[in-house]
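**Q** Sequence:
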Amino acid sequence: KQWYQRRVAITAGIQQHITCRLPSETDENTLWQCIERYNHHNCGAYCLRTFKSKVPGKPNFRPKSQAACRFGFPRPKSKAFVLHDVLACVIARKTNKLKKRLYDLARAEEERRINDYNGVLSFLWKGNMDIQFLSENSYSIANYITKYITKKKKVPTATLR
Numbered sequence: 001k002q003w004y005q006r007r008v009a010i011t012a013g014i015q016q017h018i019t020c021r022l023p024s025e026t027d028e029n030t031l032w033q034c035i036e037r038y039n040h041h042n043c044g045a046y047c048l049r050t051f052k053s054k055v056p057g058k059p060n061f062r063p064k065s066q067a068a069c070r071f072g073f074p075r076p077k078s079k080a081f082v083l084h085d086v087l088a089c090v091i092a093r094k095t096n097k098l099k100k101r102l103y104d105l106a107r108a109e110e111e112r113r114i115n116d117y118n119g120v121l122s123f124l125w126k127g128n129m130d131i132q133f134l135s136e137n138s139y140s141i142a143n144y145i146t147k148y149i150t151k152k153k154k155v156p157t158a159t160l161r
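Quick note on numbering: the working numbering labels position 34 of the sequence shown as 34, and the sequence is numbered without any gaps.
Keep in mind that the hints were calculated from the coordinates and are not lab data.
Treat each hint with caution, since some may be false.
Cut-off 20 angstroms, straight-line C-alpha distance, at most; resulting in silico cross-link-like pairs (SDA-like, lysine to any residue) [as the list claims (entries may be wrong)]: (1) K154 <-> Q16; (2) K79 <-> S24; (3) K79 <-> A12; (4) K79 <-> Q16; (5) K1 <-> V86; (6) K77 <-> E36; (7) K94 <-> Q132; (8) K100 <-> S78; (9) K100 <-> V90; (10) K152 <-> S138; (11) K100 <-> L121; (12) K100 <-> C34; (13) K77 <-> L121; (14) K151 <-> E111; (15) K151 <-> E110; (16) K100 <-> V82; (17) K77 <-> T50; (18) K79 <-> W125; (19) K79 <-> G127; (20) K147 <-> E111; (21) K126 <-> Q33; (22) K77 <-> H41; (23) K79 <-> K94; (24) K126 <-> T11.
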C-alpha cells in the first residue's frame with residue numbers, strides 16, 4: 001500500500017510541475033515565445049551521434065550508419081502519462097546499457113521536440129531547461145545542479161572590448 005501511495009504522489013507531483021505542452025501562440029504568447037526560443041530542440045552536429053545498425057544472426061549483413069539524438073529527440077508521442085519502474089531505470093542508467101527516462105509525459109505529435117519544462121521557471125529563467133523528476137537522493141545531483149546554475153555565462157571576446 002505504501003509503495004502505491006508513493007507512486008500516486010510521484011505521478012501527481014510530476015504532472016503538477018513538469019510539462020511539455022506547447023503553449024498557444026495567441027493566448028499565451030509570452031510563454032510560447034519562451035518555449036519556442038529555448039525549449040524547442042532542433043538536432044544538429046552537437047547532439048547527433050552516428051552508430052551502425054546490427055542484425056543478429058546475419059553475419060554477411062552490411063551495417064548502415066544511422067544518426068540518433070543523444071538527448072532522445074524526438075521524444076515518444078503518448079496519449080497519457082506513463083511512470084516506468086524506478087529500479088529498472090536507475091539500474092539501466094548506472095550500467096549505461098540504456099538511457100531510459102523514468103516517465104513519459106503525455107505528448108502530442110507537435111510536442112515531440114519540446115524539452116520538459118515548468119512554465120513559471122521557464123518564464124523566469126529565459127533559457128533552455130530539461131526539468132526532470134529524479135528518483136534518487138544523492139550529493140552528486142545537488143552538486144551538479146549547484147555548479148550548473150552558478151556557472152559563468154560565456155561572452156564572446158569581441159563583446160569584452
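**Q** Hint by hint, note whether the structure agrees.
**A** Quick rundown of the hints versus the structure:
1. For the proposed pair K154 and Q16, the alpha carbon gap of about 33 angstroms is over 20 angstroms, so the pair is violated.
2. With a CA separation close to 19 angstroms, the supplied pair K79 and S24 stays within the 20 angstroms bound.
3. Proximity of K79 to A12 is assessed by CA-CA distance (about 17 angstroms); at most 20 angstroms being required, the pair is judged to hold.
4. As the CA atoms of K79 and Q16 are separated by approximately 17 angstroms, the hinted pair is consistent with the 20 angstroms bound.
5. For the hint linking K1 to V86, the alpha-carbon distance of about 17 angstroms falls within 20 angstroms, and the restraint holds.
6. With a C-alpha separation of about 19 angstroms, the suggested pairing of K77 with E36 holds against the 20 angstroms cut-off.
7. Distance restraint check for K94 and Q132: the Cα-Cα separation of roughly 17 angstroms lies within the 20 angstroms cut-off, and the hinted pair is therefore satisfied.
8. Of the pairs offered as hints, the one joining K100 and S78 holds, with about 15 angstroms between alpha carbons and a cut-off of 20 angstroms not exceeded.
9. Taken as a hint, the K100 and V90 pair is honoured in the structure, with Cα atoms around 9 angstroms apart against an allowance of 20 angstroms.
10. Taking the CA atoms of K152 and S138, the gap is about 24 angstroms. The hint is violated against a cut of 20 angstroms.
11. For the proposed pair K100 and L121, the alpha carbon gap of about 25 angstroms is over 20 angstroms, so the pair is violated.
12. Distance hint between K100 and C34 is unfulfilled; the C-alpha atoms sit about 27 angstroms from each other, more than 20 angstroms.
13. For the suggested pair K77 and L121, the alpha carbons sit about 24 angstroms apart, so the restraint of at most 20 angstroms is broken.
14. For the given pair, K151 sits about 29 angstroms from E111 by alpha-carbon distance, which is inconsistent with the 20 angstroms threshold.
15. The suggested pairing of K151 with E110 is violated, with an alpha-carbon distance near 32 angstroms, which exceeds 20 angstroms.
16. Only pairs whose Cα atoms come within 20 angstroms are accepted, and K100 paired with V82 is accepted, the gap being roughly 12 angstroms.
17. Only pairs whose Cα atoms come within 20 angstroms are accepted, and K77 paired with T50 is rejected, the gap being roughly 23 angstroms.
18. Between K79 and W125, the direct Cα distance comes to roughly 29 angstroms. Violation of the 20 angstroms bound is thereby established for this hinted pair.
19. A C-alpha spacing of about 27 angstroms is found between K79 and G127, which places the hinted pair above 20 angstroms, so the restraint is violated.
20. For a cut-off of 20 angstroms, the pair hint linking K147 to E111 is broken: about 29 angstroms separates their Cα positions.
21. For the hint linking K126 to Q33, the alpha-carbon distance of about 10 angstroms falls within 20 angstroms, and the restraint holds.
22. Taking the CA atoms of K77 and H41, the gap is near 15 angstroms; set against the 20 angstroms cutoff, the hint holds.
23. A hinted pair counts as satisfied when its Cα atoms are at most 20 angstroms apart, and K79 with K94 does not qualify at roughly 29 angstroms.
24. Simply put, K126 and T11 have alpha-carbon atoms about 26 angstroms apart, too far for the 20 angstroms limit, and the pair is violated.
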